[in-house]
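These protein sequences, in sequence, are chains A and B. Numbering (my numbering) for the first sequence: 1 to 303. Numbering (my numbering) for the second sequence: 1 to 303.
Keep in mind that a hint or two might mislead.
If several chains are the same, the list does not tell them apart, and a pair holds so long as it fits within one copy or across any two.
Here are the simulated lysine-lysine pairs, DSS-like style, with alpha carbons at most 30 Å apart [unchecked claim]:
#1 Lys138 to Lys106
#2 Lys193 to Lys76
#3 Lys294 to Lys259
#4 Lys182 to Lys93
#5 Lys154 to Lys182
#6 Lys294 to Lys190
#7 Lys176 to Lys23
#8 Lys190 to Lys163
#9 Lys252 to Lys294
#10 Lys138 to Lys76
#11 Lys259 to Lys286
#12 Lys93 to Lys176
For the record, the hints were derived by calculation from the structure and aren't laboratory data.
Number of protein chains: 2
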Amino acid sequence: MSIVVVGSVAFDTLKTPFGVREKIMGGAATYFSLSASFFTPVRVVAVVGEDYTPEHEAVLTSRGIDTRGIEHAAGKTFHWGGEYTDDNLNEAKTNFTDLNVFENFKPRIPDAYQDSEYLFLANIQPELQLDVRRQMPKVALVGGDTMNLWINIKRPELLETLKEVDLLLINDTESKLLSGEKSLVSAAQKILKMGPRSLVVKHGEYGATLFFGDGTHPFRAPALPIAEVFDPTGAGDSFAGGFMGYLASQPKLTPSVLKRAMFYGGVMGSFAVERFGPERLIVLTKEEIEERFKLFRNLTHLD
Amino acid sequence: MSIVVVGSVAFDTLKTPFGVREKIMGGAATYFSLSASFFTPVRVVAVVGEDYTPEHEAVLTSRGIDTRGIEHAAGKTFHWGGEYTDDNLNEAKTNFTDLNVFENFKPRIPDAYQDSEYLFLANIQPELQLDVRRQMPKVALVGGDTMNLWINIKRPELLETLKEVDLLLINDTESKLLSGEKSLVSAAQKILKMGPRSLVVKHGEYGATLFFGDGTHPFRAPALPIAEVFDPTGAGDSFAGGFMGYLASQPKLTPSVLKRAMFYGGVMGSFAVERFGPERLIVLTKEEIEERFKLFRNLTHLD
Numbered sequence: 001m002s003i004v005v006v007g008s009v010a011f012d013t014l015k016t017p018f019g020v021r022e023k024i025m026g027g028a029a030t031y032f033s034l035s036a037s038f039f040t041p042v043r044v045v046a047v048v049g050e051d052y053t054p055e056h057e058a059v060l061t062s063r064g065i066d067t068r069g070i071e072h073a074a075g076k077t078f079h080w081g082g083e084y085t086d087d088n089l090n091e092a093k094t095n096f097t098d099l100n101v102f103e104n105f106k107p108r109i110p111d112a113y114q115d116s117e118y119l120f121l122a123n124i125q126p127e128l129q130l131d132v133r134r135q136m137p138k139v140a141l142v143g144g145d146t147m148n149l150w151i152n153i154k155r156p157e158l159l160e161t162l163k164e165v166d167l168l169l170i171n172d173t174e175s176k177l178l179s180g181e182k183s184l185v186s187a188a189q190k191i192l193k194m195g196p197r198s199l200v201v202k203h204g205e206y207g208a209t210l211f212f213g214d215g216t217h218p219f220r221a222p223a224l225p226i227a228e229v230f231d232p233t234g235a236g237d238s239f240a241g242g243f244m245g246y247l248a249s250q251p252k253l254t255p256s257v258l259k260r261a262m263f264y265g266g267v268m269g270s271f272a273v274e275r276f277g278p279e280r281l282i283v284l285t286k287e288e289i290e291e292r293f294k295l296f297r298n299l300t301h302l303d
Numbered sequence: 001m002s003i004v005v006v007g008s009v010a011f012d013t014l015k016t017p018f019g020v021r022e023k024i025m026g027g028a029a030t031y032f033s034l035s036a037s038f039f040t041p042v043r044v045v046a047v048v049g050e051d052y053t054p055e056h057e058a059v060l061t062s063r064g065i066d067t068r069g070i071e072h073a074a075g076k077t078f079h080w081g082g083e084y085t086d087d088n089l090n091e092a093k094t095n096f097t098d099l100n101v102f103e104n105f106k107p108r109i110p111d112a113y114q115d116s117e118y119l120f121l122a123n124i125q126p127e128l129q130l131d132v133r134r135q136m137p138k139v140a141l142v143g144g145d146t147m148n149l150w151i152n153i154k155r156p157e158l159l160e161t162l163k164e165v166d167l168l169l170i171n172d173t174e175s176k177l178l179s180g181e182k183s184l185v186s187a188a189q190k191i192l193k194m195g196p197r198s199l200v201v202k203h204g205e206y207g208a209t210l211f212f213g214d215g216t217h218p219f220r221a222p223a224l225p226i227a228e229v230f231d232p233t234g235a236g237d238s239f240a241g242g243f244m245g246y247l248a249s250q251p252k253l254t255p256s257v258l259k260r261a262m263f264y265g266g267v268m269g270s271f272a273v274e275r276f277g278p279e280r281l282i283v284l285t286k287e288e289i290e291e292r293f294k295l296f297r298n299l300t301h302l303d
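Excised from the complex, chain A in its bound form (with noise of 0.2 Å):
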């Protein structure tokens, strides 16, 4: 099954303890699509500028990502700037945020995209996520992401958004601010009241945990422990391109599937941090993932 994603494509400059890079391809949507593009058809809605040139859309285009939702706006792409130190690679220091042609985003879904059953509303604003999701009424599932600026100014809106949100990922910080609580699990549990049926909460280099509305137990999957994290950036959406692609190329969404999703999350987010950018997941293979769900699976089970 297609799986339509709506978030923002961008150019990223990113000083990392390896290096430094001016101006490459980033944005979740980026990210997302690359990833999930390795376990299920992708259509992507963004908006671009006049630098976003043919070259960068052949990288999508070349992965089999239909790009006809991207609407080309006169000015400048979105444009990022952040580092990250050694002494804490999980979280950027933002040197600057130009929006450009990202401020007046209004997402349409093409018609061409209307019989995709799985969407995905990365972390853009609230109302613009609950815009989107009103586009596709006909929609299967729904996963979507937030972060703690739209948490703090636009909690309203967000909440309304939740109400139509299958499968909520977001990480420890996000979810603590959400719900207001300070432990996992009882953030886990008032969240899972707010709409969502399930809740994927990342924890960065100890992995992520999985919450199912049901009562049904939860399920940890692990991270790969990795000595040398080239460049975060991206991780996250890789892990949610992984888990809602695998998702969307099942036919039916049994707690075993969602169990093997967390896993190539955590797969896809270990291969999106060893080279800058979406660098890695561009000349990534199928037999490597394949390689690494198997690295995971001996990185948890007693047998």
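Keeping the supplied structure of chain A fixed, place chain B upon it in accordance with the hints.
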């Protein structure tokens, strides 16, 4: 095979978000030995004062723990006071530390303990750990723990001790402080060159990672997602007791046995935090342990 543990037997005065307890049983050797006693015969070496009554000792002996190595000295028992807040249940704020008889603790291994094959050096001064280790030259496997204090003020002594420890169990902060490295994996690689053949790094609510010195892929065990941690005191020592106790109960130390030991460590840690002090461990049954072991398996295994 039986295991000798050397460490503190103490009284704790605790405050957690769930209440207050005055002068209850505590100390690393208490938690370790109660926890390990579910798997293998345990023998304790410690020192207590005149306020440590036969009733206290009976809590250990009723679990079959050999207490002949507990020295009764004139004076009071080591008494620690600490509290945990909702904001940080992982780290205690120390209110007082009355070392009392523990200040002059000179551990002596009773002759009757010499046929034990396993030794666990709980967190005491590294010189004492080394002295104890040399009192048991024929022991087959030595496990050990330490803390930030010794890493900071007794580094040379600790490095000498580590040369004679086979299996070190510490937490994230300690591993980074000991190695001077900022990433978990780099820290582990460095510590495995200091002596230990295997290293367990505990991540609190996120579980623990087992690193092998021979290059075998690491193994990650989860922690149980718990909504209400009553009292985190002793969780790490209970983990160590379950881990080492299970190892000592097995005929051979294969990677598969070490992985199971990680699960039993997590299981025992998860019970320890359910009530104040060692209350939960005291009433625990082997059936409950096996039940929870299955839960840990479900929490992490795909099928």
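Here's how the hints hold up against the structure:
1. Lys138 to Lys106: within (20 Å within a copy, 74 Å between copies)
2. Lys193 to Lys76: Answer is neither: 40 Å inside a copy and 52 Å across each miss the 30 Å cutoff.
3. Lys294 to Lys259: Both, since 14 Å and 17 Å are each at most 30 Å.
4. Lys182 to Lys93: Classified as both; 24 Å inside a copy, 18 Å across copies.
5. Lys154 to Lys182: Within one copy only: 21 Å inside a chain, 36 Å across chains, cut-off 30 Å.
6. Lys294 to Lys190: This pair counts as between: shortest inter-copy Cα distance 26 Å, intra-copy 34 Å.
7. Lys176 to Lys23: neither (33 Å within a copy, 34 Å between copies)
8. Lys190 to Lys163: within (13 Å within a copy, 48 Å between copies)
9. Lys252 to Lys294: Intra 22 Å, inter 26 Å, cutoff 30 Å: intra and inter.
10. Lys138 to Lys76: neither (34 Å within a copy, 72 Å between copies)
11. Lys259 to Lys286: both (19 Å within a copy, 29 Å between copies)
12. Lys93 to Lys176: both (21 Å within a copy, 23 Å between copies)
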